[in-house]
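**Q** One letter stands for each residue in the lines below.
Protein chains: 2
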Amino acid sequence: MVSEEDLSVAAMHRIIKKAGAERVSESGAKELARVLEEIGLKIGKDALEFSMYAGRKQSKEKTLRSRQRNS
Amino acid sequence: MVSEEDLSVAAMHRIIKKAGAERVSESGAKELARVLEEIGLKIGKDALEFSMYAGRKQSKEKTLRSRQRNS
Numbered sequence: 054m055v056s057e058e059d060l061s062v063a064a065m066h067r068i069i070k071k072a073g074a075e076r077v078s079e080s081g082a083k084e085l086a087r088v089l090e091e092i093g094l095k096i097g098k099d100a101l102e103f104s105m106y107a108g109r110k111q112s113k114e115k116t117l118r119s120r121q122r123n124s
Numbered sequence: 054m055v056s057e058e059d060l061s062v063a064a065m066h067r068i069i070k071k072a073g074a075e076r077v078s079e080s081g082a083k084e085l086a087r088v089l090e091e092i093g094l095k096i097g098k099d100a101l102e103f104s105m106y107a108g109r110k111q112s113k114e115k116t117l118r119s120r121q122r123n124s
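Chains A and Y supply the protein sequences, listed in that same order.
The first sequence begins at 54 in the numbering used here and counts up one residue at a time.
The second sequence begins at 54 in the numbering used here and counts up one residue at a time.
No wet-lab data here; the hints were simulated from the structure.
Just so it is clear, the structure is predicted and the values come from calculations on it, not from any experiment.
Possibly wrong hints are sitting among the right ones.
To be verified - For each label pair, taking beta carbons as the anchor points, the in silico distance ranges come out as:
hint	chain 1	residue 1	chain 2	residue 2	range
1	Y	75	A	76	15 to 25 Å
2	A	111	Y	109	15 to 25 Å
3	A	111	Y	108	42 to 52 Å
4	Y	83	A	102	37 to 47 Å
5	A	106	Y	105	36 to 46 Å
Beta carbons: idealized from backbone N, C-alpha and C, even for Gly.
Generate the whole structure from the sequences, applying the supplied hints.
**A** Shown next, in the form of structure tokens:
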């Protein structure tokens, strides 16, 4: 479970507006935060499995980048 | 282009650690921010298209939720 403070609702508003939206509902911004946190957690877990398989304890850039396609 | 301040690197560290990682490299956290911002922008644009098709100017929760599967 990812807590609400991980991704700020203000950041979600900015991203959705950057996507071209004129207005964003508060619950819409919260929903995007929930979705992105879920995806981030999935990518993180996937990258961790790969790192451990490679005998590393650290989640590195290349592993996180390579795992985005599968999430 | 999404600017760096949209998603905090600290939040990425928390998410990756929540995924179980013992250690997270700085560039790894930045990479996750880049990936999630990209996905967020994609979901936002997709949701906007749907909202406009429905004659709405606001990106709402249900639209953002329904578009996550396609991003």
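**Q** Indicate, hint by hint, whether the structure satisfies it.
**A** Hint by hint, here is what the structure shows:
Range check, residue 75 of chain Y to residue 76 of chain A: Cβ separation about 42 Å, and the 15 to 25 Å hint is violated. At about 45 Å, the beta-carbon gap between residue 111 of chain A and residue 109 of chain Y misses the expected band of 15 to 25 Å. Restraint check, residue 111 of chain A to residue 108 of chain Y: a C-beta distance of roughly 49 Å satisfies the suggested window 42 to 52 Å. In this structure the supplied range 37 to 47 Å is violated for residue 83 of chain Y paired with residue 102 of chain A, their Cβ-Cβ distance being about 21 Å.
At roughly 45 Å, the beta-carbon separation of residue 106 of chain A and residue 105 of chain Y lies within the given 36 to 46 Å, and the hint holds.
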